[in-house]
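Engineer: Here are the chains, one letter per residue:
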Amino acid sequence: MTPTTLALTTLVAPASAALVLAVVPGLRSRGWPAAALCILASVVSLGAALGVLSGCLADPTPSVLAVPWLRTSSVTVAEIGVRVDGVVASMLSVVTLVALSVQVFSLGYMHDEPRPAFGRYFAYHALFLLSMDVLVVAPNLLQLFAGWELVGVTSYLLIGFYYRKPSAARAAVKAFWVTKFADMGFLAGLLTLFVASGSFGWDAHLAPGTATVVTLLLFFAVVGKSAQFPLHVWLPDAMEGPTPVSALLHAATMVAAGVFLVVRADPLFAQAEATRTVMLVLGAATALFAALLALVQTDIKKVLAYSTCSQLGYMVAALGAGSMIGGFFHLTTHAFFKALLFLAAGSAIHAVHSNEIGDMGGLARRMPVTGGAFVVGALALAGVPGFSGFFSKDLVLEAVEGKLASLPWAALLATAFLTAFYMGRVVVVAFFGAPTGEKAERAHEPGWSMRGPLVVLGVLAAGGGVFAAPFAHLYGREYHFEMGVGPSLAAALAIGGFGAAYLVFGRAKGAPLPAPLALVDRVAKTSIVNRVYEVGYRRVALALADGLAWIDRYIVDGLINLLGYGTLEAGARARAVQTGLAPDYVLAAMLGVAGLAVWAVLR
Amino acid sequence: MSELRVLWMPLAVAGLAVLVLLVDVLAPPDRTARTGRALGWLVAAGLAGALGASFSVDGSGRAALGTYDGGAWTTFVQRLVVGAALLGALGALDDVAARTPKRQGEYWLLLLASLLGMVIVPGARDLVLLVVAFELMGIPLYVLAAYAKNDRTVDGAQSRAGEAAFKLYVVGAASTAVTLFGLALLTGMAGTSSLDGLAEAPATPLGTLGMLLVLGGIGYKIGMVPFHMWVPDTYEGAATPFVAFLSVAPKVAGLSVLALLFVSGLGVHRGAWLPPLGLAALLSMGVGNLLALPQTDLRRLLGYSGIAQMGYVLLAVAAGDAMGVGMTLFFLAAYVVTNLGAFLVVHAASGGGRGHGLDAMHGLFRRAPFLALALLAFLLSLAGIPFAVGFWAKLYVLLAAWRAGLAGLVVAGIVLAVLGLFYYLRVLQAAYMIDEEGERATPRASPALGLAIALCLAAVVGLGLWPAPLVDAASRASVDLVHPSAPVARR
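If you're matching them up, the sequences are chains L and B in order.
First residue of the first sequence: 1, per the working numbering; consecutive thereafter.
First residue of the second sequence: 1, per the working numbering; consecutive thereafter.
Okay, chain B solo, but in the shape it has when bound (with noise of 0.2 Å):
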């Protein structure tokens, strides 16, 4: 009974899954789109009601042979990629209703069934169960990208979303390989599958090169450089709100994994990661800033930001004690509702019909003075100005790197964030300062987005002017993380 009690998140989030299927299945045939949306609703209160419960029940423990851990970092990251999912379901929920109101259920269920894979992720203890929980997490991805296949853009082409939704398969089961490859490796050396076998275990040349090829491989699915050629072509081919998952959730599940592995169980042997991790990290910061500056996709643009918000949550990797670990948790919070809420905008305001393009933001502050308030709040944060939770991301993974003895990656951080104004500034500016005369169409945010909107909207403002409770969970969560005879970071 207690092992029930220490999974119930993924019990949780499958019993909302077989419901789903259920409903879908039961529900009369000739359903029309008004109560199509009501499963989405469905989805969306069950994972509310998910995140609620996670306050209260205490799942604290190991179960399933000790292979899943329940404790507070599990619940940790397990709050993000549900609360993730839940925004996502928001944002989504009228563009699945409107695109495909006879497949619904599917949509849902395949979200879900990714969401089980998240939950599990943070809480596996054993490569084995890891590996199987990532996948599952993975490939529901593959299909939900190319979910708006047959759609046509604004002038009439085809939709990109199946191009969308290959790349991300085909880079998606390479880093597969390269994943399970190297924890073959890492399993050798420690003679164990088990994540605490590994701190205990001597480097072997082996087994370097398999945490390497595990860098390597979470590496395509976070999108860290040189591993990030997929992230704008997906982000611009794929249907918008699920692209806003997309650009989170995984991330967050995947940096889960980075911190556990690399921190926690090879901890000890920092000297041989942290060279390939932190030139990663600088390359990610330096490329997703730079690239971003040319573009007038906002999809593309987003990607490239996003690759560049990689490069700083692993300087905080980088920095390998509890600190670092605990503020890659707070940025991962910071940046799920900031880059979230950021992608559900440009969703919105390409409502208008106008496509993506920077164009499509013009005079957005007249037209929609909410979304373009969302949006100042959402690009603020990601550029890293005060009162914004994105300020304080920063703020503590540079301090935590620095700490750590990082300088030089602290200062390249801090001098590309300020090449990174440029292109956020571009967007804002054409949303604030750009009017074009005569009248456009309006968008309007449906409830649900517009939900979804200023839930994002409220947590960026309101961490951002008061932090400390959340920086306080991370702390918290990260504390018994950290493998005791991990060095010390030097002050």
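If we strip away everything but chain L, and leave its shape as in the complex, we get (with noise of 0.2 Å):
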């Protein structure tokens, strides 16, 4: 098969997947089956996605297969279809891997839910891998576009799964309308390179002002779905929703199309200057900032959410410095380590019945996989050397330094320190010392459904770091690593990070935090930013629709009103007639009418 019918095959897969159990309802209310044809359909993805990789390591040439989509009288504007190249290839890999690998982990998890809503929780599952691939293959950004919405809509549902939850339902939708708020640009953004180059293609040649807003408005978007500062407060929210979906949308797929996007995008992107320096800041910003908010959580997935910004930060900041490959490794190995983080997370919760550290204590001993998969997954995360984050940091840091006066590569180093402290916190409080209640000590391990994926996530999540040649090669460059002083540099921080939240946290347990994480911990509670959002909606949209609604109904009345009591009178006869405002809505469209009126002579 040649590469793009493989990658056909990735979108047919779990679209026929979707299909049959939208219409065939039996197949959805048993569970069982609708697991089984998801799987099945996610095995066949992954399969024909290697394809596509092998295809790709031994020829990277690009191959498109499309057909007309959009036209305007007769004119092309836009295709649909799928292309292969080594952007497509690699980021196709990654996400039906996590994919499958959460599927099968939540055949365990979700083994409790009702059948009818298993069922539903893998058909929608079948629906984000589809939207997922929908993005990824684009030729084209308008296609990307499409799958961008339809991912969002999916995630909805994931998000929202618990609906019963009131906190789920709320989550799902602050999800959802922020990201959407976000899309905004990427509409805008669409249309302005619509009209500046006449296509919806990435290579377009734009002039250095229009290049410089086509991008800043496609940032805007990503800013939205990668959950970077301001626009990340739905991330956290977000995890209402099941765990093994938080392995999937806000650690491997849906956060990280944000930055798939700004890859696709290079060629517009690198003519534009501003915009880079803008991410490089930004995301050097928000690296930081998330970081030390990740601190502070005491609910596992919370710290792995704001780990999720903070990392996020970390690529966005590469792409901001010019580095594709920086920026885009770090997505691929992030996939892994953080996918694991989360499904250990949720393998422990699953077990104590929990999100807190503080009911988890000694875990490791009583769950040796699990406890396992998480540290080394933290390892990964913190960047300890010879785990794959390691060498997809270095990349990062790499193509930082030098730039604005080295700011953001210090911020990206005390980043990478603050990572190893707060992920040392929860290895230590969580999964050793003593047992901390009776749950955590009769904990057991969970089936292989879940351990399986763990160990397959592990073993990429350590050894990730060899396939940076491959992925180099892919786009036509070399690799080399050497220890110089940047790595040594971090390495040691990502160690001392770990020692350091050892000493303060090995010792004496349920202590409270430390004098400067109170103070963090303190700012944190108040949420600033989410007030802002909210006071923005509240105060504004919906006094703008209580204003207009009360102009509605009482100013114009009363200026009719003062017209005179002729009008009154008409009104009081309609009134007997059951119409009440009738006449008024006529005088108000006169007066509407008066001041084109006005308007027309004035002109």
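Incorrect hints may appear among the rest.
Part of the chain B face toward chain L, derived, beta carbon under 10 Å [as the list claims (entries may be wrong)]:
no.: 1; residue: Arg366
no.: 2; residue: Gly384
no.: 3; residue: Leu465
Bear in mind the hints are in silico, worked out from the structure with no lab data behind them.
Nothing here was measured: the structure is a model prediction, and the numbers come from that model.
Beta carbons: idealized from backbone N, C-alpha and C, even for Gly.
Starting from the two chains in their separate frames, assemble the complex, guided by the hints.
Structural biologist: Right, dumping it as structure tokens:
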């Protein structure tokens, strides 16, 4: 099969599964058949994606299979289809691999759900994989946008899966709305790009000013999707969804879509140095800010959520520094180790029925596979030498070094220390020491459906560094690694972070947070950013709506009353036939006409 | 003979109306509801036949002393309104048979009379014919709005259909007066009532006033701000299946007139009508989207949402070039299937006797999966989410406006569209995520209603996946409409 046919297969498989589940309700309500079908589709997708990858490694020439989709007066504006190149091949493999792992894990994790809900869950998963694949293989930005929106809709379904829980329903709406708010930028950027270049391709040559506008607009959408400051607020809330969903959406796929967009539209971003500077600053700031917030969370999923924001900041900063490979390789390794961490956390939560790290304690002894997986993930995330995160972080730091007086570089190095520190805290408190409660004492390892994915992802998270060379090859670059000053510094910071965490939390568990952290904690709890948005919606949008309604009902009405008793009488007469305001409406409209007339005369 | 060929669509609709009248009069007087339903099916079959025939009959050319043109533009708009009438008839069929088994003939006759006006409107190339056709369309609608006036609502209160009809009538009558006055001024400016003559006339101050009065007059009919106030009240009061029809077909006719008159006839005077039209578009998008936010009655919510949708299509008219006009048609086609479908789902879902509030939708996903699925598609389409036809409609309209240099309006449109998500999402949340305990009546769509919803759903999804043929058709239909002397939109 040609690479494009294989890429098409990754779309057809989940699409067929979703379609069958949609039209045969019996399959969905029985649960297990739905899960089997969905996983089968993911296996086929993964096989096809790996086929694409091996094809691309042998011959990295891009190929496109597309048909005209959008026309105006016989001019083809955009095409729909699949494109295969290095970027697509690696992203497809990551997405399908993580999706399959998460689905297999869910077999055990969601086991106690009622059958229909179980089936519904897997139907959503098939839809999500389809949307993500549509986004990844897009041959132009318009199809990418379509996939982007579909990802938003399906993630809404998945985050709100426990819809009976009000907080979950609220979180789903918030996630959808915040990302959708940011998508305005995508749409406006697309329109500008089209008007300027006549196409939705990412290889257009634009005037410098136009390029800056287009890329800034696109980046606004990235800020929302990839949870960068100040639109990061939806991500911690989205932890209300089932934990495997967090592993899929909020580690490996959906949030990474923003970074993927920048990688994809790299030729456009390369024309806009100003946008890149904004990205560098915002990415580094988000990395540091979110790492600080992660320090003080006590909910294991919230720690991971803020950590995701922080790591996405790394990727954005790398892209801002112009290093596509740095950003994209970190996306890849992050997908492995963060999915691993979420799944391991899910396994722990499953065992103790609590998200609080204080309720866990000593889990590593009772659950060696889960504990081992979490520790491997934490080491990779912190960037301890030898683990995958070390190599990808090194690429990022190397790219950022020296830019803007090295301030972003310093921020990212500080983040590296903090990352090791907060992950060390979780590892020490939740997985070592003595069990803190009855449940933690009776915790036991889950079944193999949950342990299997942990092992597979664990191996990838630990050894993912070996992919760096073939990864660079996909883009026609060479990869060399030298243990110079930068990497040594990063390694020292990572190990130092773990050591500090052990010193602070290792002996006195339950102890209050040290003074500087208590301050961060207090700031985090005020959640200023959230408050701003809430006020924005309630005070501005709703108040505007109320105001308009009020004007509609009273001002116009009152004006008319002022106009004379004749109107009032007409109103009274009309009310006799139960019609209250009708004449007033006419008068209101007449005032509009009068306004038009005045305008025409004064013009 | 060739004149009859050009006029075939109005003649076909009129013939169908006469046939319905005859059947109604000649049928035995003791009909049960069942034979009455046959009358509705007859109307639907006739309309489906006319719609099918429009693809094989070539009606191009002029007729009636050059006042009627049967070209591509006319055919496209006619298909839209006949299609809307067909879907509306299918949706209303059982409702009419159940409410008023003895006088269904009236309902169908009035509907067809109104439709007759609608199929003449896009072909009219003379202001006099235009006014007559517009009134023919409007007057039966007032009566139809009052059709449910003796009904009782869920809590036993008197139906508000009388109020709905009265408001529609008073506002409609005023709108006619304003339009007529404006057209008179325009005729004075051009020295002729022919639309072709209008294009060549130099602007005069009184002529400009005329233009704006016409804009206001038609603005009433399509529910454009500030002429929108009747919309929510009428939608809430009248029978829902009728509102489904009312919310789309007259707007198609009204906007086709706006496009015809302003872009084709008065294109050279774009500078005079663009600012007020743009302002009306902005206000419609703003007021519609904002006031829809706090609504809890679904018919009012869809009413305000419809006002917002009119704002978007006005953007395309404001673009004032061939692309803008073509995208007006495309948007209207998408709007017909989407909005009609949404209203029919609301009607079907309220069948459980729980009214039209947001809570009537609770747990719809479990009780009636098909209706819930259709609702999802329609609301996503209205919100402009990809792979529903509404996304393309919005995208194209924004593209046309952006190309014509209306950047400010486009940005406002995008921002307000995001606001719109709030209320569409609230309805979906009620249907999918809120699930009350206990058994509740399962709404069941009758075959005709189900068919109408299924057709809308197929169109929304099918055209969403593959919009190219419809876009092509809309572009072709508008090619010969734009006057060559119209200013070319700048790139």
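Engineer: What are the numbers of the hints the structure violates, in ascending order?
Structural biologist: The structure breaks none of the hints.
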